[in-house]
Structure formats: C-alpha cells, structure tokens
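Whenever a hint applies, use it, and build me the whole structure from the sequences.
Reminder that position 102 of the sequence shown reads as 174 in this note's numbering, one-by-one numbering, no gaps.
If you're looking for bench data, these hints aren't it; they were derived computationally from the structure.
Calculated pairs, SDA-like style, for lysine to any residue (alpha carbon to alpha carbon, straight line, at most 25 angstroms):
#1 Lys-128 - Phe-78
#2 Lys-92 - Thr-125
#3 Lys-159 - Arg-130
#4 Lys-177 - Met-217
#5 Lys-160 - Pro-181
#6 Lys-92 - Gly-112
#7 Lys-213 - Glu-203
#8 Lys-213 - Thr-190
#9 Lys-159 - Gly-182
Here are the in silico distance ranges between beta carbons for each label pair:
#10 Met-217 - Ile-184: 18 to 24 angstroms
#11 Gly-146 - Lys-213: 33 to 39 angstroms
#12 Met-135 - Phe-86: 19 to 25 angstroms
#13 Ala-113 - Gln-220: 32 to 38 angstroms
#14 Ile-97 - Glu-203: 38 to 44 angstroms
#15 Glu-210 - Ala-113: 45 to 51 angstroms
#16 Gln-228 - Glu-143: 31 to 37 angstroms
#17 Ser-117 - Arg-82: 18 to 24 angstroms
#18 Glu-156 - Gly-90: 30 to 36 angstroms
#19 Glu-124 - Gln-228: 30 to 36 angstroms
#20 Pro-89 - Asp-171: 28 to 34 angstroms
#21 Thr-188 - Thr-115: 41 to 47 angstroms
#22 Glu-203 - Glu-143: 50 to 56 angstroms
#23 Phe-199 - Gly-116: 47 to 53 angstroms
Cβ atoms here follow ideal geometry from the backbone N, Cα and C, with glycine treated the same way.
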Amino acid sequence: MSLNRFMMERTLRFRVPGIKKINSIEDRFKITVYVGDETGAATGSLLALAQETAEKSRPLGSMVEIMSYNEGPGDSVLPYELSEELKKAHVFNPTNKTDLLIILKNCIPGCINVDTETVAGGVIDIFLGDEEGQVSQEMIKNAKMLLQEIFDSSVQCNI
73 MSLNRFMMER TLRFRVPGIK KINSIEDRFK ITVYVGDETG AATGSLLALA QETAEKSRPL
133 GSMVEIMSYN EGPGDSVLPY ELSEELKKAH VFNPTNKTDL LIILKNCIPG CINVDTETVA
193 GGVIDIFLGD EEGQVSQEMI KNAKMLLQEI FDSSVQCNI
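This is the structure:
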C-alpha cells in the first residue's frame, strides 16, 4: 500500500494549490494525509479541496482522510519515497496486470517470463522465470520485496 500512499501524496501536492507541506500515514486500507501551507496550517477551503481531489483520485479499496499538517506527526514523518527499483521501472500505477508485469520484468534481474492470476479477492498467484522458465531464490526474494511495497499486507501474493 506504500505505493498508494506515494500516489496520493503526489496527486494532492500537484493538483491542490497551496499545499506546501505534506506527509501521510497508512493503516491497512486507510491513508491519512496531512496537508498545509508553509507553516503547516490548513484552511477549511484547502482541506475541502484536498478531500474532494482525494475522493476522485484515491486507489480503489482505500479510504483517504485529509487533515491539517499541524495535527499530524509533523516533520518527523517525511513524504513517502519510492524504492530505487520502482523508480527505475518508471511505472507508478501497478493496479492492473500489465503494469505489474512490467514492474516485475524491469525490477527483477534475469526475469524474462512473468504471468499473474487473481485466484480470489486479495489473492494473486505470480509466476516468474528466466529465459528457460526457471526461477532462482534471488528472483523470489526480489519479487517478495517489490510486492510488499506495492500491495498492503491484506493482499496475499503467491510466487
């Protein structure tokens, strides 16, 4: 879900005029985003516009709450940063199969063959392999790390 947190922070920062400070906290299916001006204060109109923008842009299955930056953890929690692997993939919306396949192929060294299948709600089977269809323990380890960053703990990914 961290990727959802990143996307929500970026969306609000660039679509809501007046936001100068932003950070967020995630808790399972809920993202609380703290926004404010240079001092961390947020007017009612800034909060309303941020909430409206968040409702239109929020990831499916996630709830988003908007609060004043001054009511949050402040500067002790920085805006979310993507891992270097995801930055290199240049894909920031892996909610569909095509983007997830691109991320896995680009971020896992030696991974050529990838397929996914949604088995049930919240359960995804992922198939990886090199040119010969073989998978190494290193590929599995890298895939697990990426999938933990992309999906929250309620989504089960079987590799």
